[in-house]
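S.K.: Can you make the complete structure from the sequences, with help from the hints?
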Amino acid sequence: MSWTRRTFLKNSSLAAGALAAPAVWLPTARESWGATLSEGEPIKIGLLFSLTGGLAVPEEDSTLVMQYAIDEINTAGGIAGHPIEPVIVDAKSDFSVYTEKARELILRDKVISIFGCYTSASRKAILPTIMDRDNLLFYPTCYEGAECTQNTVCTGPLANQHSRDLIPFMVENFGKRVFFVGSDYVWPKESNKNAKIWLENAGGELLGEEYVPLGSSEFGPVLAKIRAAKPDFIFSTVVGASDIAFHRQFKQEGFSADDMPIASLTTGEIETKAMGAENGAGHFLSAPYFQGLENETNQKFVEKFLSSPYGKNGVTHYNMEETYTSAYVFKNALEKVIAERGIEEVTPTAIRNACAGIKVGADISPEGEIWVDENNFNTWLVPKIGQCQADGSFKIVKQADAHVEPDPYSIYPDVGTCTAEGLLAPDGTLRTDVI
Amino acid sequence: MANALILGISIASIFLVAAIGLTIIYGTAGVINMAHGEFIMLGAYATYAMQTYFGLPYFLCIPCAFVIVGAIGFVIEKLLIQYLYHRPLDTLLATWGVSLVLIQGTRLTFGSDPKYIQMPGFLSSNIELGGVSLAAFRIFVILAALALIALVWFVFYKTDFGIKVRAVTQNREMAAAFGINSKQVYSFTFAFGAGLAGVAGALFGVLNIVLPTMGTGYVVQAFLIVVTGGGALMGSAIASIATGEMQSIFAMLLNDSFARFLIFILIVVFLRFRPQGLISAGGSRR
Numbered sequence: 001m002s003w004t005r006r007t008f009l010k011n012s013s014l015a016a017g018a019l020a021a022p023a024v025w026l027p028t029a030r031e032s033w034g035a036t037l038s039e040g041e042p043i044k045i046g047l048l049f050s051l052t053g054g055l056a057v058p059e060e061d062s063t064l065v066m067q068y069a070i071d072e073i074n075t076a077g078g079i080a081g082h083p084i085e086p087v088i089v090d091a092k093s094d095f096s097v098y099t100e101k102a103r104e105l106i107l108r109d110k111v112i113s114i115f116g117c118y119t120s121a122s123r124k125a126i127l128p129t130i131m132d133r134d135n136l137l138f139y140p141t142c143y144e145g146a147e148c149t150q151n152t153v154c155t156g157p158l159a160n161q162h163s164r165d166l167i168p169f170m171v172e173n174f175g176k177r178v179f180f181v182g183s184d185y186v187w188p189k190e191s192n193k194n195a196k197i198w199l200e201n202a203g204g205e206l207l208g209e210e211y212v213p214l215g216s217s218e219f220g221p222v223l224a225k226i227r228a229a230k231p232d233f234i235f236s237t238v239v240g241a242s243d244i245a246f247h248r249q250f251k252q253e254g255f256s257a258d259d260m261p262i263a264s265l266t267t268g269e270i271e272t273k274a275m276g277a278e279n280g281a282g283h284f285l286s287a288p289y290f291q292g293l294e295n296e297t298n299q300k301f302v303e304k305f306l307s308s309p310y311g312k313n314g315v316t317h318y319n320m321e322e323t324y325t326s327a328y329v330f331k332n333a334l335e336k337v338i339a340e341r342g343i344e345e346v347t348p349t350a351i352r353n354a355c356a357g358i359k360v361g362a363d364i365s366p367e368g369e370i371w372v373d374e375n376n377f378n379t380w381l382v383p384k385i386g387q388c389q390a391d392g393s394f395k396i397v398k399q400a401d402a403h404v405e406p407d408p409y410s411i412y413p414d415v416g417t418c419t420a421e422g423l424l425a426p427d428g429t430l431r432t433d434v435i
Numbered sequence: 001m002a003n004a005l006i007l008g009i010s011i012a013s014i015f016l017v018a019a020i021g022l023t024i025i026y027g028t029a030g031v032i033n034m035a036h037g038e039f040i041m042l043g044a045y046a047t048y049a050m051q052t053y054f055g056l057p058y059f060l061c062i063p064c065a066f067v068i069v070g071a072i073g074f075v076i077e078k079l080l081i082q083y084l085y086h087r088p089l090d091t092l093l094a095t096w097g098v099s100l101v102l103i104q105g106t107r108l109t110f111g112s113d114p115k116y117i118q119m120p121g122f123l124s125s126n127i128e129l130g131g132v133s134l135a136a137f138r139i140f141v142i143l144a145a146l147a148l149i150a151l152v153w154f155v156f157y158k159t160d161f162g163i164k165v166r167a168v169t170q171n172r173e174m175a176a177a178f179g180i181n182s183k184q185v186y187s188f189t190f191a192f193g194a195g196l197a198g199v200a201g202a203l204f205g206v207l208n209i210v211l212p213t214m215g216t217g218y219v220v221q222a223f224l225i226v227v228t229g230g231g232a233l234m235g236s237a238i239a240s241i242a243t244g245e246m247q248s249i250f251a252m253l254l255n256d257s258f259a260r261f262l263i264f265i266l267i268v269v270f271l272r273f274r275p276q277g278l279i280s281a282g283g284s285r286r
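Sequences listed follow chains A and B, in order. Counting along the first sequence from 1, when you hit position 29 you're at 29 in the working numbering, and nothing is skipped either side. Counting along the second sequence from 1, when you hit position 253 you're at 253 in the working numbering, and nothing is skipped either side.
Honestly, the hints are just simulated from the structure, not real lab data. Please read these numbers as outputs of a predicted model, since none were measured by experiment. There's no promise every hint is true.
Claimed, not checked - Quick look at which bits of chain B chain A covers, simulated, 3 or more residues with Cβ under 8 Å:
#: 1; segment: 90-96
#: 2; segment: 210-221
Unchecked claim - Not the full set, but computed from the structure, chain B residues with beta-carbon under 7 Å of chain A:
#: 3; residue: L7
#: 4; residue: I9
#: 5; residue: T109
#: 6; residue: F110
#: 7; residue: P114
#: 8; residue: S124
#: 9; residue: N126
#: 10; residue: D160
As the list claims (entries may be wrong) - Between beta-carbon pairs, the in silico distance windows are:
#: 11; chain 1: B; residue 1: G97; chain 2: A; residue 2: I396; range: 45 to 53 Å
#: 12; chain 1: A; residue 1: K395; chain 2: B; residue 2: L129; range: 46 to 54 Å
#: 13; chain 1: B; residue 1: L143; chain 2: A; residue 2: Q399; range: 46 to 54 Å
#: 14; chain 1: A; residue 1: Q299; chain 2: B; residue 2: P120; range: 32 to 40 Å
#: 15; chain 1: A; residue 1: D258; chain 2: B; residue 2: P57; range: 44 to 52 Å
#: 16; chain 1: B; residue 1: P88; chain 2: A; residue 2: N353; range: 54 to 62 Å
Yeah, the Cβ is synthetic: ideal placement off N, Cα and C, and Gly gets one too.
M.R.: Listed below in structure tokens is the structure:
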């Protein structure tokens, strides 16, 4: 047979048709892709954190605390009599692996929900996959907001909750002149946009705003600029290994926390342990949770967790606690769905919808009672400010009077407001799955 | 501006300390050692272990790190690298494998939580001289860089071992014909380079975080210096000072991310016109 353009077109379109065929007979309803539960089977959830690579320090703790929470729930009888079975994968601190593993968890392991990620970059990497299969992501740490999807529940503070009290507190106690330092990626930049608004309201003055590459350990130039600007305090959104280098070099360069404290959104107990308490002492952190919180639930949580096989790293910190409470948000929501619809009818979407308004009481949540917002599915919580002491523990110096509302679009009112159905623009149009 | 220039010297000294071990291994033995960053990491962990488990003072930990990491380098050379000298691309892959093994081995031994190295109190002060200020620890790193250059120069130009190394580098067969055990010379050269990386680790463990993955950032930096420098010690020193000063000045005028971007571009342009680097070590293998 001779290959003319016509036969080529004919054959290739036949081949293309044959290749495309599977899509035709696959189930058309997205829901039927999704995982379901059945009587007598364990409830499978995915734990998608990095156990190796640069993000392993915080994310290994997230995996450990999830396993602890699952053990605790299973010992107490599981969820409506069903034990939880975690499927643990290693995302290797690589954003393409996050996506690959998320797909694997949904399609192969058929998990009913995924708990995962620590950075906005990895969350944004896996969300398209999760939304495509209508699964559910529990994102258990802080982030910048400006997202409105139908597949995420977040238990950490948003940018609008995180620094709202911190900036006025610092301005009042240390002075109006402030210098911003952050890691060079989306969360610090968005957080700083929020912080600028609080700073303006408090009558403060921004002397400079510097970003260092993620993972950088050279703070010489930044500290030289800070020395020249002479701020009253520093507002830091430096994360991870850089944060440790920043605090160590701050002290080495002769700066003192008494004259120029660093107010941070990330420097918690685990970071302080890594940098040495003498480098952390005197600085401030805003978070909903501290290991030193004085309430009965927390004291029991700290004691039980640290003596369990999962507490080998020796501290509890805000990121861990937010992950821990996310397990109970899931439990309470799933119990509600099972009670309403029966176990055979549970879908990720049903769990997500049931999360609206779900509370985790002060008897379970170490940070005190929290609940999930009915519209944007972030969490109402009480931000607290702690000051690092000479022994590396944090002393609570200020606590918000009431729960603060999560508002993912607080600095972008023109974009719209996040509702349960999608992002509602001021002109009345509704967009779903906005990331 | 004076501040930026002084800080540039400090950054240069950090670059040079990171690169000096690789300069020996790559510049002399010709091994593209992807595990260099992990040797630095091992140096930091050796320092941590000596300080925590044996209570050694920080200054004594530095030579310990040299010996421990040098010994590990020697073993790796004997087990693996010595079979790969005339297969440079295979050493690249093999040493990358070694780096993964070392990272995971460290994680299994020490755990993946960050470790903390304590340094003497007098180093955590700041020295000010006529409007120029610099941390005492940065001055210490500058002095350490100078001392390491002196040490390498002494070993290579004033000892019998150094003469043998240079002979083997220039012409392996001829050197062997004169009775030099070239295999042994390579082993010790590799171990020496690894030991120097260990010293770098002992110093960086104080500036930075101590983690199994801490080395990955340094290996890129070190290769940049060595390739730009051309593989010779002097070349590495000049390349460090040039990039360190540029980093400091650009970061002062613009910002840190942009400074790095500019330096990478300048290095690419430089290598386009001078691929052999600043000072080419020369040798029969190249």
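S.K.: Decide, hint by hint, whether the structure agrees.
M.R.: Against the structure, the hints come out as follows:
Check result for the segment 90-96 of chain B against chain A: violated, 0 residues qualifying (beta carbon to beta carbon below 8 Å, three or more required). Residues of the segment 210-221 of chain B with a Cβ under 8 Å from some Cβ of chain A number 6, which satisfies the need for three, so the listed coverage holds. This hint holds: L7 (chain B) has a C-beta 5 Å from the nearest C-beta of chain A, less than the 7 Å allowed. A cut of 7 Å between beta carbons decides the hint on I9 (chain B): the least distance to chain A is about 10 Å, and the hint is violated.
Hint status for T109 (chain B) relative to chain A: violated, with the closest Cβ pair at about 14 Å, above 7 Å. The interface hint given for F110 (chain B) is broken, as the beta carbon of that residue sits about 12 Å from the closest beta carbon of chain A, more than 7 Å. The interface hint given for P114 (chain B) holds, since its Cβ lies 3 Å from the closest Cβ of chain A, which is under the 7 Å cut-off. Contact between S124 (chain B) and chain A, as hinted, is supported at the beta carbon level, the nearest pair being about 5 Å apart and thus within 7 Å.
A cut of 7 Å between beta carbons decides the hint on N126 (chain B): the least distance to chain A is about 2 Å, and the hint holds. A hinted interface residue such as D160 (chain B) counts as satisfied when its beta carbon comes closer than 7 Å to some beta carbon of chain A; here the least separation is about 39 Å, so the hint is violated. About 49 Å separates the C-beta atoms of G97 (chain B) and I396 (chain A), a value consistent with the hinted range of 45 to 53 Å. Taking the beta carbon of each, K395 (chain A) and L129 (chain B) are about 38 Å apart, not inside 46 to 54 Å as hinted.
For L143 (chain B) paired with Q399 (chain A), a C-beta distance near 48 Å keeps the hint of 46 to 54 Å intact. Taken as a hint, the range 32 to 40 Å holds for the pair Q299 (chain A) and P120 (chain B), whose Cβ atoms sit roughly 37 Å apart. For D258 (chain A) paired with P57 (chain B), a C-beta distance near 28 Å fails the hint of 44 to 52 Å. With their beta carbons about 60 Å apart, P88 (chain B) and N353 (chain A) fall inside the hinted range of 54 to 62 Å.
Hints 1, 4, 5, 6, 10, 12, 15, counting from the list given before, are not met by this structure.
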